[in-house]
Every structure is written in C-alpha cells, then in structure tokens.
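Visitor: So you can see what is in the structure, the chains are spelled out below.
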Amino acid sequence: MKGIRWVFGGLLLGAVVVGSSGPAAAQLDGSCHASGTWQNAGLTVDAAQVGDKAVTVPRSDTVHWEGSVAGPPGEHSGSIWIELPPPFGTVEIDSWGGNGVTTSNDGFEEYDLPSLVPAGVVFTVSGEHTDANGTCTGHVNFKIDGSAVSSPLTWVSLAGTAGTGAGMFFVLRPLFRRVG
Amino acid sequence: MNVGKIIGVAVLGFFFLLFVAIDLVLFGVIQLNSAVVTVLPLLGLVGGGALGAMAGKKGQPAG
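In order, the protein sequences belong to chains C and R.
Per the numbering used here, residue 1 is the first one in the first sequence, and the count goes up by one each step.
Per the numbering used here, residue 181 is the first one in the second sequence, and the count goes up by one each step.
Treat the hints loosely; a few may be bogus.
Unchecked claim - Some chain R residues judged to face chain C by a derived CB distance under 8 Å, without partners named: (1) N182; (2) I186; (3) F199; (4) D203; (5) V217.
Claimed, not checked - Just the calculated beta-carbon pair ranges, DEER-fashion: (6) G165(C) x V183(R): 16 to 26 Å; (7) T62(C) x V226(R): 27 to 37 Å; (8) V101(C) x V209(R): 20 to 30 Å.
No lab work stands behind these hints, which were simulated from the structure alone.
Everything numeric in this text was worked out from a predicted model, so none of it was measured.
We put the beta carbon where it would ideally sit given N, CA and C, even for glycine.
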C-alpha cells in the first residue's frame with residue numbers, strides 16, 4: 001500500500017509542502033491546490049473541481065501529483081487519511097511537517113493494487129494541511145475501475161450473506177408456519 | 181423464554197446484516213464511510229433478538 005499512499009497523498013494535499021493558489025471550492029476549503037494526473041489513463045483530477053462524484057481510477061498506473069499553498073508556509077504540518085465507517089474513525093495514509101518557504105511540490109508515483117482490493121468500493125480520502133497561511137482541508141471520493149466480483153473478498157462476503165441468511169430462515173421458521 | 185435461542189438469533193442477525201452491509205459497500209451502493217455500515221449490524225443484533233424471542237414463543241408446544 002506504499003504506492004497508493006503516495007498517489008492519494010499527492011492527489012489530495014500532496015506532500016503539500018507548499019505553493020500558492022486558487023479559490024476554495026466544494027472539495028477544498030482553504031487557499032491550497034491539489035491535483036493528480038494518471039499518466040496511462042490520461043485522467044486528471046483537481047480536488048477543487050471534482051465535486052462529490054466518485055473518481056474511477058485504474059488498478060495500476062503512474063500518477064503525477066501536485067500540491068501547493070498560497071504563500072511561504074513556515075511551520076507546517078498535515079496528513080491524509082481514508083475515512084472508515086463509524087466508530088472506526090480513519091486510517092492515516094501519510095503525514096508531513098516541517099519548516100520551509102517552498103510553496104509547491106510535485107512528483108511521480110507508480111502503484112499497482114493487488115486483486116484482493118475490491119473494485120467499485122467508493123471510499124473517501126480526506127486531508128488537512130496547516131501552515132502560516134491557515135488551514136486547508138479537502139476530500140475526494142475514489143473507486144477502483146473494474147467489477148466488484150473480481151475480488152475474492154466479494155465472494156466471501158456473498159457466501160457469508162447466503163450462509164447467515166439461510167441460518168436466519170431456518171431458525172425463524174416457526175414464525176412463518178401457519179397456525180391451525 | 182429460551183435465552184439461548186434469543187442470543188443465537190441475535191448473533192446470527194448481527195452477522196447477516198453485517199454481510200449485507202459489506203455487500204452494499206463492495207457493490208458501490210453505499211460509501212465505505214457510510215453510517216449504514218454501522219447501523220445495519222446493530223439492527224440485526226436487536227431485530228434478531230426480538231425475532232428469536234418471537235420464534236421461541238411460537239415454537240413452544242401449546243398447553
């Protein structure tokens with residue numbers, strides 16, 4: 001998962017050590033900018049423009065990520081994470097911090113997710129960056145391209161549903177029996 | 181009242197709706213961070229317990 005960590009890290013607030021930019025939008029609150037371009041898929045995602053729709057990304061690719069903030073950041077810190085269902089909270093993907101004057105950062109990262117990672121699951125990657133200019137937060141919804149049944153996890157879950165559903169039916173059979 | 185049956189059906193209900201919630205996530209019907217993923221198994225636990233109690237009563241021989 002090291003690859004994906006950089007992909008989404010760069011995409012959201014990048015190793016946002018910095019940069020300047022544009023107006024805040026629905027998905028980015030604060031003076032910062034974050035974007036990523038999937039080299040093979042030819043897909044570009046700007047966190048400020050993408051809205052709430054889930055961006056479908058390929059299972060493997062190379063991403064050119066860019067991040068920037070409005071002015072010299074000074075003392076800064078930030079992190080990005082995946083949102084889990086309550087009460088599980090979040091899983092941190094990456095964090096950064098330090099002191100500097102550079103306002104932007106970018107890089108390339110190659111990733112290749114194993115087939116065990118299910119396609120079609122809509123997950124939210126959120127991020128926050130705090131520096132001398134203020135705080136910038138944002139999130140982007142992603143899903144991996146492909147069919148849900150391509151992952152063995154999906155079959156395990158479907159088997160679990162069928163097994164426990166059948167168990168429920170047999171245990172609750174007395175409720176469905178006609179009286180008399 | 182068969183306490184064992186109530187607990188058994190409650191646990192079964194929990195896992196049944198947990199798997200349903202996971203299916204919904206896997207097929208992209210709900211987001212991974214949706215509260216539905218948390219609520220459904222709890223609903224299964226409570227609903228399963230209630231149904232288990234009803235099934236236990238109905239399954240008892242009359243008299």
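Visitor: Each hint needs a verdict: does it hold in this structure or not?
Guide: Now the hints, each set against the structure:
Hint status for N182(R) relative to chain C: violated, with the closest Cβ pair at about 11 Å, above 8 Å. Restraint check, I186(R) versus chain C: the minimum CB separation of about 11 Å is more than 8 Å; hint violated. Interface restraint check for F199(R): the shortest CB-CB distance to chain C comes to about 4 Å, inside 8 Å, so the restraint holds. Here the hint on D203(R) is kept, as its CB sits about 5 Å from the closest CB of chain C, short of 8 Å.
With 8 Å as the threshold, the beta carbon of V217(R) comes within range of chain C, its nearest partner Cβ sitting at about 4 Å, so the hint holds. About 24 Å separates the C-beta atoms of G165(C) and V183(R), a value consistent with the hinted range of 16 to 26 Å. One distance hint, 27 to 37 Å for the beta-carbon pair T62(C) and V226(R), is violated here, with the actual separation near 48 Å. At roughly 47 Å, the beta-carbon separation of V101(C) and V209(R) lies outside the given 20 to 30 Å, and the hint is violated.
Hints 1, 2, 7, 8, counting from the list given before, are not met by this structure.
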